[in-house]
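6 protein chains.
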Amino acid sequence: MKLKIINPNTTWSMTEKIGQCASAVANADTHVVAVSPRMGPASIESHYDEALSVPGILDEILQGEQENVDAYVIACFGDPGLYAAREVARGPVIGIAEAAMHMASLVGTSFSVVTTLARTCNMAWHLAERYGMKRFCSNVRACDLPVLELECPGSDARRIITDECRRALAEDGSDCIVLGCAGMADLCEEIADAIGAPVIDGVACAVKMAEALVSARLATSKRGDWARPLPKPYSGVLAAYALN
Amino acid sequence: MKLKIINPNTTWSMTEKIGQCASAVANADTHVVAVSPRMGPASIESHYDEALSVPGILDEILQGEQENVDAYVIACFGDPGLYAAREVARGPVIGIAEAAMHMASLVGTSFSVVTTLARTCNMAWHLAERYGMKRFCSNVRACDLPVLELECPGSDARRIITDECRRALAEDGSDCIVLGCAGMADLCEEIADAIGAPVIDGVACAVKMAEALVSARLATSKRGDWARPLPKPYSGVLAAYALN
Amino acid sequence: MKLKIINPNTTWSMTEKIGQCASAVANADTHVVAVSPRMGPASIESHYDEALSVPGILDEILQGEQENVDAYVIACFGDPGLYAAREVARGPVIGIAEAAMHMASLVGTSFSVVTTLARTCNMAWHLAERYGMKRFCSNVRACDLPVLELECPGSDARRIITDECRRALAEDGSDCIVLGCAGMADLCEEIADAIGAPVIDGVACAVKMAEALVSARLATSKRGDWARPLPKPYSGVLAAYALN
Amino acid sequence: MKLKIINPNTTWSMTEKIGQCASAVANADTHVVAVSPRMGPASIESHYDEALSVPGILDEILQGEQENVDAYVIACFGDPGLYAAREVARGPVIGIAEAAMHMASLVGTSFSVVTTLARTCNMAWHLAERYGMKRFCSNVRACDLPVLELECPGSDARRIITDECRRALAEDGSDCIVLGCAGMADLCEEIADAIGAPVIDGVACAVKMAEALVSARLATSKRGDWARPLPKPYSGVLAAYALN
Amino acid sequence: MKLKIINPNTTWSMTEKIGQCASAVANADTHVVAVSPRMGPASIESHYDEALSVPGILDEILQGEQENVDAYVIACFGDPGLYAAREVARGPVIGIAEAAMHMASLVGTSFSVVTTLARTCNMAWHLAERYGMKRFCSNVRACDLPVLELECPGSDARRIITDECRRALAEDGSDCIVLGCAGMADLCEEIADAIGAPVIDGVACAVKMAEALVSARLATSKRGDWARPLPKPYSGVLAAYALN
Amino acid sequence: MKLKIINPNTTWSMTEKIGQCASAVANADTHVVAVSPRMGPASIESHYDEALSVPGILDEILQGEQENVDAYVIACFGDPGLYAAREVARGPVIGIAEAAMHMASLVGTSFSVVTTLARTCNMAWHLAERYGMKRFCSNVRACDLPVLELECPGSDARRIITDECRRALAEDGSDCIVLGCAGMADLCEEIADAIGAPVIDGVACAVKMAEALVSARLATSKRGDWARPLPKPYSGVLAAYALN
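Protein chains in written order, with our numbering: chain B, 12 to 255; chain W, 12 to 255; chain H, 12 to 255; chain C, 12 to 255; chain F, 12 to 255; chain L, 12 to 255.
Keep in mind that a hint or two might mislead.
[Said to hold, decoys possible] Chain L stretches covered by chain B per the calculated footprint, using a threshold of three residues with CB under 8 Å from any CB of chain B:
1. 83-90
2. 138-148
3. 229-237
[What the hints assert, rightly or not] Simulated crosslink set (SDA-like; lysine to any residue; CA at most 20 Å straight-line):
4. L:LYS145 to C:GLY184
5. W:LYS13 to W:GLU27
6. F:LYS233 to C:ALA203
Keep in mind the hints are simulated off the structure, nothing from the lab.
For every residue, glycine included, the Cβ atom is placed at its ideal position computed from N, Cα and C.
Working from the sequences, and respecting the hints, build out all of it.
Written out as structure tokens, the structure reads:
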């Protein structure tokens with residue numbers, strides 16, 4: 012199967028890392044393609060950034076449908092554009108927050124999310140509610156690290172995040188940790204070893220869930236509010252998004 | 012005060028109607044400006060349309076900030092881009108679903124939303140949850156009318172909507188009705204007379220709530236996740252959205 | 012329009028303060044009348060006090076209906092008698108806790124209530140639930156100040172409350188503060204300046220919401236459980252409450 | 012033990028019936044006293060009636076405390092004044108809706124409430140939520156019978172209520188029925204026989220729960236918001252309610 | 012009436028203590044029989060132990076039905092096998108967690124559970140949710156005492172538990188305490204005296220509730236999912252459990 | 012990897028069918044072993060049956076741990092013994108209701124469960140709540156088919172279930188169907204074709220999720236209430252369950 016993993020920001024160093032982490036857990040017969048959109052923000056750290064990442068994501072989905080992609084992963088912990096993407100894709104579309112939280116609920120009775128900036132914690136809580144995972148989420152904790160700090164070779168991010176994960180176990184009484192940023196995907200195993208508890212990376216989880224759905228021959232239902240959008244005119248710089 | 016009301020779709024006949032309904036309830040010293048964005052979908056009837064209406068809305072907000080707008084209303088029942096808009100506006104930003112549901116909860120112990128297409132009902136439920144209004148919402152009902160049917164002079168929309176409102180009172184046991192589309196704003200009084208119960212139009216409610224907030228000198232808190240977004244590069248056709 | 016604001020306790024110094032705060036935010040064409048009932052407790056600090064404040068409130072509402080009052084505000088943070096008042100008033104009746112919490116949810120993603128005595132915190136939580144605002148309420152905090160301490164010229168109340176508001180922002184992670192007592196209405200602006208975040212006073216909010224409802228021509232629905240009570244005999248000292 | 016059961020309305024024929032039903036299930040060493048207050052509404056069918064029944068109830072509680080009453084039952088399905096009564100009574104105070112719903116949850120996995128007028132259904136839902144019993148309540152159904160119709164010898168109430176109970180089992184999928192009015196207490200056994208499912212009468216349940224609490228030596232905690240109210244002046248016709 | 016109280020573990024010293032505590036609060040005409048099953052774990056401290064205590068409990072229920080038992084109490088704070096037992100018993104079956112939590116909600120507005128091992132806290136939360144009591148439960152606290160430590164004459168358990176109860180009142184803001192283990196039943200009065208707040212022991216509460224139900228002639232509804240199980244073959248060492 | 016799928020009832024024709032359905036979706040390198048326990052009920056249709064299926068399930072898990080099983084699936088829609096199993100297994104244990112509901116929430120915005128007997132519907136609702144999936148579950152519907160009817164060659168079960176699934180889509184407004192019994196696993200594809208919407212079989216989903224977890228190197232956290240049970244004596248016919 013062909014799996015397209017979309018890093019919704021335009022920072023390609025992160026896209027490559029995400030692609031490597033995805034490939035590392037993918038089945039042998041899964042062909043992983045990792046991309047960043049051709050427009051949008053360099054990182055996603057606000058509702059504003061998130062909203063403006065969606066046109067680029069949908070552009071990648073529309074292209075993917077031409078390229079016979081079997082499933083998509085949206086690799087930002089806010090799961091931007093997830094429902095819109097499901098409307099236009101034939102195969103499954105999985106968000107990494109969605110996948111990580113679902114998986115975490117199978118591995119422990121409670122998880123803490125450890126993410127970058129405090130201002131994004133509320134978004135994570137909102138997703139936990141949307142996915143039914145709020146009852147398993149004991150806390151959402153920020154490291155006060157901007158997203159792109161994770162891409163800086165000499166940064167102290169690794170240590171800061173590991174420390175916050177350790178505190179999460181101790182203070183929140185959680186059984187496991189969900190990493191709250193796609194840019195942390197490569198730290199998963201190392202932190203798990205350091206803290207002695209399961210650490211869940213949404214990139215890996217989303218890849219496995221997308222594979223699972225395709226393998227079980229399950230695709231998005233087209234009966235409800237994820238049906239294909241009605242054709243209509245689009246204007247201005249978005250004119251090309253008109254479907255038919 | 013200067014109030015900008017944004018119809019997030021690009022159908023200007025609807026924009027004018029919304030502007031008139033807004034002006035009709037506004038205080039004497041409120042200057043209402045009604046606009047449609049310069050890009051985006053002709054109507055909003057899916058997650059896809061909604062997501063792609065947001066760049067146009069934010070463009071209008073950014074412009075509004077240059078024009079000393081005191082408050083904004085987003086006049087689509089999905090309240091697209093509401094949180095992103097709050098991050099970049101100095102004054103209050105109110106969504107019409109948000110305003111209508113809050114007001115409805117002061118007028119009755121339960122309301123039914125009557126909207127256009129069935130595929131959008133789930134979005135209304137999602138907003139009701141987000142705003143804490145789910146406990147007051149007894150049902151969300153669709154009329155199976157496309158949004159732009161409301162703009163057709165000879166259409167039967169008026170009768171169809173009134174009938175659905177009547178059924179809502181009878182079958183849902185609701186005390187009042189929330190109109191689920193900005194394009195229904197002009198029908199509010201007529202339907203209320205016909206069914207003998209309060210009918211709540213979000214356009215009017217949002218105007219009054221925006222005025223109330225400005226008058227009480229309350230603006231969006233900049234402490235939490237509605238703080239101003241961090242400056243960062245934006246690329247491609249969205250490059251102009253970069254803040255500083 | 013004529014707006015009657017009822018301070019449900021019999022302490023007229025507080026009533027005057029409430030009247031001034033209400034007038035300060037009211038529209039130019041709103042005539043504000045502030046009253047205390049002719050019976051009941053000197054302050055409201057328990058379920059017992061609250062229950063026994065309601066006959067006085069309803070007495071004021073029944074009188075108001077004779078005097079063509081257009082809307083009422085009940086100015087005690089427990090919103091005593093709110094639903095009973097709605098049954099007998101033609102126009103809207105707004106509680107200050109109700110108004111403050113709704114407004115707060117438009118201004119921030121979470122609020123802390125700062126109130127007087129710890130024994131009333133539970134009542135505030137109960138109202139937050141009733142109004143659907145529990146999801147926005149991160150904490151209800153008490154200052155351990157009796158209500159009437161707020162009326163003592165030389166009291167330290169101002170400082171104590173400001174300090175508690177500051178702690179609320181820091182410890183609860185809230186974006187804004189809701190003042191949990193009508194007697195704090197005059198402190199609103201000062202505290203906001205001191206703590207650098209929106210502070211919401213229910214008296215001002217309720218006045219603006221009552222005006223908004225009247226201006227949008229929305230009155231209490233008479234279809235459900237807020238319909239006018241059935242006529243029936245009342246006996247003893249309450250005999251005069253019999254409606255016809 | 013001495014148990015005072017208060018019928019909060021002033022219709023003494025109902026009070027006698029309630030007293031008989033209470034005595035029928037009470038332990039041999041329980042002395043049941045059934046009373047109506049000396050002021051208030053002839054029946055309780057609105058928020059207005061309910062609010063105005065509370066001064067009379069509290070008057071009976073205050074008297075009871077002089078008479079060494081060990082426990083109280085408030086015998087109206089709205090449980091009026093329950094929390095206020097708990098603040099001033101030394102021993103337990105139990106509401107009949109509270110008792111019936113708790114007991115019902117031990118007897119079946121879901122119950123339907125069958126009550127008098129539709130306008131009171133919302134109150135029953137509110138109590139179900141307050142007591143944590145909403146998850147067991149599958150429906151609240153009205154018979155469109157005014158409360159005092161239950162006191163009319165030739166009325167058809169018995170048949171109408173039994174029919175509604177039968178419909179509740181069939182249509183709501185409930186396991187058992189909760190009678191939603193103290194005036195139905197004498198019908199309990201007869202309806203249970205007729206419909207072949209448990210029928211729960213709050214009067215009997217509240218008596219048994221009050222006895223159980225006293226026997227287990229459990230009284231209202233005086234640490235939280237049910238602590239004794241602070242002493243303070245009361246004015247007007249309510250002056251006598253001032254505690255010291 | 013004949014009441015069988017089942018200690019689901021096989022530690023008979025605990026069974027005797029439970030029997031004494033039950034008899035101490037039972038009505039004069041209640042004949043209490045306390046038993047442990049003839050198979051199963053020596054104590055219940057995990058989902059594994061709990062699941063494997065159920066065959067023994069059901070064995071006692073099946074026997075009890077031969078012996079005309081009128082009501083049963085399951086005396087382990089996890090309420091193991093409660094719903095299965097209700098399916099096969101004619102009379103009421105009450106769990107001690109269930110009874111304690113219900114009673115606690117009548118005595119205070121919030122309770123803390125104080126239990127043995129931290130790993131069982133989650134089970135208590137789950138039961139609180141199941142019984143609708145989550146809204147009253149402010150915390151579940153563990154003493155890090157293995158269950159059987161409570162049976163050791165020289166143990167420090169009494170002091171440790173009392174201290175934890177005291178901390179619960181101070182830190183959780185609870186009004187009362189629920190003892191989270193049947194083995195603590197004999198400490199109830201002593202701790203209540205020590206901490207000055209109601210302490211609720213599920214053994215006593217369950218006995219009183221079982222008596223109350225029998226006295227009010229209420230038995231498990233046989234209409235829903237607590238109906239008698241369908242007859243079918245059972246195999247292996249469980250063959251004797253086949254009903255007919 | 013080695014995956015053991017346990018049919019908790021002792022009907023081996025069903026076990027074989029389950030094994031075939033599991034193998035059909037398993038990865039090429041997954042070795043599926045399907046078993047029934049050596050003790051317990053012939054089918055599971057009550058809380059009683061379910062509770063008594065658990066000793067057999069745990070026996071299979073304990074054996075599996077000797078046989079280096081990598082992951083387990085419990086193939087009964089009540090997910091009996093799931094948490095107990097997680098405590099004693101090293102690798103993941105997945106229930107089929109759990110897996111089906113999680114997967115369904117990725118495929119549609121709402122699902123209906125179609126199960127066998129009405130008396131088990133409540134159990135499905137309980138699981139939906141436990142897994143956080145209640146918000147996606149629009150209904151649980153019974154076909155009034157005993158479980159073993161699914162094993163009868165000439166039965167009309169296939170048609171009855173398909174008809175109920177069709178009704179579910181029409182009446183519940185669901186986007187997809189979850190089959191509520193392991194014995195329906197082989198009907199999945201056929202019904203999906205007949206009704207034109209995704210049909211989710213928990214056996215297939217649980218196999219894929221177990222593979223996904225193993226492949227992502229995620230195992231049950233041993234920090235919380237799924238830690239290995241403490242060693243202790245077990246007595247009677249269950250003596251062999253004692254761990255060390």
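These are the hints, each one checked on the structure:
1. 83-90: violated (count 0)
2. 138-148: holds (count 6)
3. 229-237: holds (count 8)
4. L:LYS145 to C:GLY184: holds, 19 Å
5. W:LYS13 to W:GLU27: At roughly 17 Å apart (the allowed maximum being 20 Å), W:GLU27 and W:LYS13 satisfy the hint.
6. F:LYS233 to C:ALA203: The given pair, whose Cα atoms are some 13 Å apart, holds under the 20 Å limit.
Hint 1 from the earlier list is the only one contradicted by this structure; the remaining hints agree with it.
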